[in-house]
Structure formats: C-alpha cells, structure tokens
Amino acid sequence: MLANANRLTPYLFLAPAAAVMAIALLYPIGYMIYASFLDWNPSQRIGEADWVGLRNYANLLSDAAFRESFWVTIKFAVLVVSIEMVLGVGLALLLDRELRGMTLLRTVFILPMMIAPIVVGLVWRYMYHPTVGTFNKVLNDLGLPSAPWLSDGNWAFASIVIADIWQWTPFIFILSLAALQSLPRSAMEAARIDGATGWQLIWHIKLPLMLPVLIVTALLRLIDAFKVLEVILVMTNGGPGLSTEILALRISRTASEFRELGYAAAMSNLLLILLLFLTLAMFAYTKLTEARAARLAAAKEVEVG
Amino acid sequence: MFNKWKLTGAAIAVAIAGAAQANPYEPYEGTTLVVNFPAHPHYDAAIAVLDQFTEETGIEVEVDQLQYLRMRERQTLELTKDEGDYDLIAYVVFSKADYVYADQLENLAKYFMNPALADPDYDQSDLISGYVQNIGVAGGAKGYLPGQLGSAFGVPFGSETSVLAYRRDIFEKHGLEAPETYDDLLELACQIPELEPGMGGMASRAASGHQASHAFLLHLAPLGGRVFDDAWNPIINNEAGVAAANALKTIVDCGPEGGTTFGPAEAAAAAFRQGQAAMFMDSIAFAATFEDPTQSTVAGNVGYAMHPMGVRRASQTGGFGLAIPSNAQNKEAAFLLLQWLTSKEGDLAVAMEGGNPSRFSTYQNAELNAKFPYSATFGEALEFADPDWRPIIPVWGGINADIGTTLSQVLTEDLDPQEALDGVAERARATMEEAGYYTWADAE
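Chains as they are written, first to last, in the working numbering: chain A, 1244 to 1548; chain B, 84 to 527.
With the rest of the complex left out, here is chain A (with noise of 0.2 Å):
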C-alpha cells in the first residue's frame, strides 16, 4: 500500500502542472482543430456555425492564392534564414575577440530585435516611402532612379527580405557568439601549433565545433520565419498582388476580410504541422548528435581502458 502510495507520489506532484498544460496547450489547439471542420464566419458563435467535414481542407488544395502564398513563405523563409545565417556566423567570427568597448558594441547589434514588430515594419515603411523615404531621397540624391521598393512585386518581397535580415541577424550573431566563446581553447591552441591559418581554423575547426548550436539557430530561425507577421503586415499587407503575402498574413486576413474563421483554422493547422516536423527534425538531431557523442565517449573509454 505504502509503496503503492510512494510509486503515486511524482504523478501527483505532476498533476497540477499537467492540467495547465492541458488547458493552456490543448484546449486552444484543439478548439482550433475543431473549428477547422466548420463553416463559421465571424458574426456567428462557434455553437451556430455549420459542420462540413473536410471541406475546408480540400478546398485548400485547390486553393491557388493559398498555394501561391505557401510557396511565398518557402521562398522567404528560407531566403532569410540562409542570409541570416552567413552575415551572422561572420558577424560572430569577426567580432570574436577582445575590443574595447564590446560589450556596447554587442548591445548596439542585437537592438534591432529588441523593437517592437509593428514599429519595425512602420520605419522599413517610411524607408521605403515613394517620395519622401530615406531610400529613394539617397537614391535620387546620388543621381540614381527612384526605385519601385513595396510598388512592385518583386522589388517588394526583396525589401520584406532586406527587413527581416536587419531585424534578426543579430538573434543569429549573438548565439553564434556564445557558441564561439563556449569553444575549446585547447583545440584552437592545437591548431595554431599545428600552424593552422586563420581560414583553416575557421573551415576546419570553430564551424564543425559550432555545428550542433547553428543548426539549432537556423531551425528556431526557419520556425520563426513561418510565422513572421506584423513587420509584413504593416509593410505591404501582402501586396503588391500576393508577392508578400505569407501564411501568417493570408490566416489573418482569412479570418478578419474573408471572414472565414474556420478556413482559416484549417489553415492554421497546415501551419502548424508543418512547423512540428520543422521541430521534430531539430529534436531528432539534437538526439542524434547526443547518441554520437556518447557513441565517441564510450569509444574513448575502450580506448583508453
């Protein structure tokens, strides 16, 4: 009975945390499921709107502006992960060093994250004005045309781009700073006895050491990417057409102009599976890169023993 009780006991210490979880995590996730077999428009309760099975899913797959803005957020998140990444990882690896006055210097580059979204996309606006921004005044200054930079599909994805890399390189650099710092001197140490070069020590040392943290950056990155909403959303609402209208934003406006909430929520759980595979394969790594070190560790051992 006792032993019974004591085998009880962690459950019970669990329980509390367990039913928030429940509350906090499942239930919204899923009234959001639920909601996804509806047809429910905004004026109506959630107990008044019709059930309609899969419909909203199918319609979905034969929805060209959904698939169009699907491909928009592939293109974006990937685009400004993979540039974030490289002016990130250099960034670090430049400034990796003893300077005087780093640490204001640190502060400075990580401040764009700081600001609030909506505030961001409000100042790439105005940056981005026709006549009056900073943009076009320095272009016209230096002689040059005005540039078209949110009044033309392409020119507008390249400027939601050129904000998203200004806002969160800095989130890559600083972890890539960490990383680096955290790096075994010794190994570096080796090196340079070994008469490494400066490139060679970056190549073939600091990034393979780096590895396991970057790729964890880049996947928190990608998933943030999928969901990136107000700068967007302030700076072209997704136009010019549907050039910038990623999937966060078409959700919105699913919901708010088309008024369909529960097309929306359909849509949302696209999101949302997709974003779990994205985390899946960042666990499963981490899993993997631990299994090989044991792996490396008990190699060792034998080794040694």
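Don't take each hint at face value.
Result set (DMTMM-like, lysine to aspartate or glutamate): computed pairs, CA atoms no more than 20 Å apart in a straight line [unchecked claim]:
hint : chain 1 : residue 1 : chain 2 : residue 2
1    : B       : K164      : A       : E1291
2    : B       : K225      : B       : D186
3    : B       : K332      : B       : D499
4    : A       : K1318     : B       : E112
5    : B       : K427      : B       : D134
6    : B       : K332      : A       : D1395
7    : A       : K1380     : B       : E496
8    : B       : K225      : B       : D134
9    : B       : K256      : B       : E270
10   : B       : K193      : B       : D206
11   : B       : K414      : B       : D209
12   : B       : K427      : B       : D204
It should be emphasised that the hints constitute simulated quantities derived from the structure, not laboratory data.
Following the hints, position chain B against chain A.
Leaving out everything else, chain B in the frame of chain A:
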C-alpha cells in the same frame, strides 16, 4: 388681485410643462455611453461637437476610435458577446449585411415609436433618401436595396459619395477643362505628367485588397458594369468590367509614384494634398482636409466636379451609419445620442466642423455654403449616387478581398485584366453557390 393670481398660475403651468418637455434627457443624466467611431474626418468633426451634447443632456460619451477596417473587426467580435461594451457604433456601410443578417443591430422602429424618446422635430423626410436606403435600411429588394419591406437598423452619419477634385491652378495654366466623361478623364490623367513633369495625373487608392477593389468598383458602375446581374450571376468579367480594370490601370500607371501601395490616406493626404497629383477622385470626406491650409499645400486651388460619366452617371454611395447593438447596455440613451447627432442641428454642427451632411437642409444652409463653397457641387452629385455600385450581402467581404487582391496583380504583375476577372467571377460563383444564392434558380 385675482387676475394676478391667474397670471402666476398660468406662468407656473407653463413652467411645469416647459420643464417636462425640455428635459426628455433627464432620466439618463449621468449615464456614460461608450461609442465606437472610425478614425475619419467626419467622425473627428463629430467628436468635436460631443461636448455640446454632454452639456445639453448630461449624458457623458466615451469614444473608442479605430481605423475603419480595424473598427469593423473589433465590432464583429464585440457584437457576438452577451453584453457588449459599445452602446452606439458607427458601422461602415458594407457591414450592414453582416450585422443585420446575424441579428446584431436594434431595429430602430421601437425607438421612433416611443414618444418619450422620439423628438417630434426630427424630420425624417429631410434625411437624404439615397443614404438612408443604402446605409440604414435592410430587407428591401435583394436584401440591401430600396424596397417596400425594408426597415431601418441605422441612420446615415458620415455618408459619402464620390466627386472629382482637381487642381484649378494647374488646369487653368494649361487651358484644361475638368473632365466630363471617362474618355476625357483617362486622357487627362496621362496628359498631365507630360505637361507637369514630376506630377502624377490622378491619385487613387490601389493597395492590394479592399482598396484596389474600391477603386475598381468606383469606375465599374459609371462604365456600365455590375458585379452581379439580377439573378446573382457574376458579370464582373464582361466588357464593362475589363474597361473598368483598364481604366484603373491607366490611372495608376499615370499617377504619382508608388501609387500601387496607396490607401485613401496616402492618395489623399500624401499625394494630392502635397501637390503630387493633379486630380483625386474619391469620397467627398477628404475635401475639408484639402481646404485646410495647415495640412494642405493646395488649399484654395482645388476645384470640384461631378464624378465623370461613362455610359451613365453613377457616383458611389458609402460611408457610415450609426446603430445600436442588440447587446448594448444603455440602448435608450444611445438612441438619444444617435437622434441628437443626426438631427437638423446636430448634422449642421458636425458639417460646420468639416463633416459630411446627411440632410438636405444642411446642404442648403447658407452659412455652410459660405464656409465650404464646394457643398453645392456635393449636393448636386448626390442626385446620381448609385446605391447598387457594390452589393452589400453577407458574403461580400470575401469576394471584395478577392477582387482587390486580383486587381493588385493586374496593376503590378501585368496579369491580363480579362483573365483576372474571369478568375474572380469563377471564384465568386463558387462562393455564391455555397451561400445558397442559386437555390431558387436551380429549382427552376
């Protein structure tokens, strides 16, 4: 002596009657009304006179002001609650269908029948009938057009039609005349950038979504088109539809730089008011801001003409109405505010602050015409205000957004107008089918 008493008695009787009559507001004194208004020149003017209302009635008013599309989203959520936060709302005209269909607005009949609330001097017949039908009445022909069985759920307040504003100084300089027809308009729109380098022909809304759709529909009606025929079949892709899309494209192409991202504020405020465009055709609501020298560099140089004619004259009908939500907590006091704001005195007071009249008497008021000389043109334009320039039906939100997104592709990605509108028509048909608009046609 006796006479004196009689007189005093009469004076007292008059005083009592006067007190009873003069203060229908007394039972509601000290009430605080929460109202939801759009950020819009007309409502800025309305807010300016609210103090006067509080002074006269003792009813306090708290205003929650939002950009009009955000306001609509907020209201949509607010109206589904059991107890709403808003006592009075200003709704944008295309919300009429959504709210009335979901049974979320008070039918105003019972208030106008209540002798303690209804002001005998209100004079309903003075309200501009086109606006009342378009904004306030639901349940007539097709559900949203004038018809015998409609009834009022709101009262127009901040109602608008479209006029053409143009730069008189620029037109005079080059010997140009304000365009009478669409052919003239389009020719001028592209002629001006050549005559005045750096200046766009006409500033227009064109941003992806609602704004591009609004701009397109503005040209569709005068060019002879409609979104649906009488049996709800989409005809937006007929010849008139393509002509309207091409007209919009011409206007935006010859318009000020960056025009494809403009909402009404950018087109009116940034472009026209700062002298970057020679014409602006949109709601009359912006006129007051053009004439305000603290905001506008073109004050005093703006002429106004009727919305040019295509195959017919058809200016837009739009703007806002005031309504009482079914879940409001102070409905009677809210009605008193609604009545006060839309009364002859209220309408005039708001108009004098730069608002848009909803009453014939206000347009005829000499004082107003002296302060805002364009009022006469606007009154004239009302005659051709077209209540059917866009359908106000519950599924309109989705179709409207689709039109606007697709047209934005026409404007920026060189999508062929015919192809674009064919796609819109096909998707609109599916939406209408799903919503049951072909139930009766199919049965035949």
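Status of each hint after checking the structure:
Annotation: proposed proximity of B:K164 to A:E1291 holds, straight-line Cα distance about 13 Å (limit 20 Å). Restraint check for B:K225 and B:D186: the C-alpha separation of about 17 Å stays at or below 20 Å, so the hint holds. Pair hint B:K332 plus B:D499 holds up; C-alpha atoms about 11 Å apart against a cutoff of 20 Å. For the hint linking A:K1318 to B:E112, the alpha-carbon distance of about 60 Å lies beyond 20 Å, and the restraint is violated.
Of the supplied pair hints, the one linking B:K427 and B:D134 holds, its CA atoms being roughly 17 Å apart against a limit of 20 Å. With a C-alpha separation of about 14 Å, the suggested pairing of B:K332 with A:D1395 holds against the 20 Å cut-off. The straight-line distance between the Cα atoms of A:K1380 and B:E496 is roughly 25 Å, outside the 20 Å bound, and the hint therefore fails. Note on B:K225 and B:D134: the hinted pairing is violated, with a Cα-Cα distance of about 40 Å set against a maximum of 20 Å.
With a CA separation close to 17 Å, the supplied pair B:K256 and B:E270 stays within the 20 Å bound. Distance hint between B:K193 and B:D206 is fulfilled; the C-alpha atoms sit about 17 Å from each other, no more than 20 Å. Between B:K414 and B:D209, the direct Cα distance comes to roughly 24 Å. Violation of the 20 Å bound is thereby established for this hinted pair. Distance hint between B:K427 and B:D204 is fulfilled; the C-alpha atoms sit about 9 Å from each other, no more than 20 Å.
Violated hints, in rising order: 4, 7, 8 and 11; the structure is consistent with all others.
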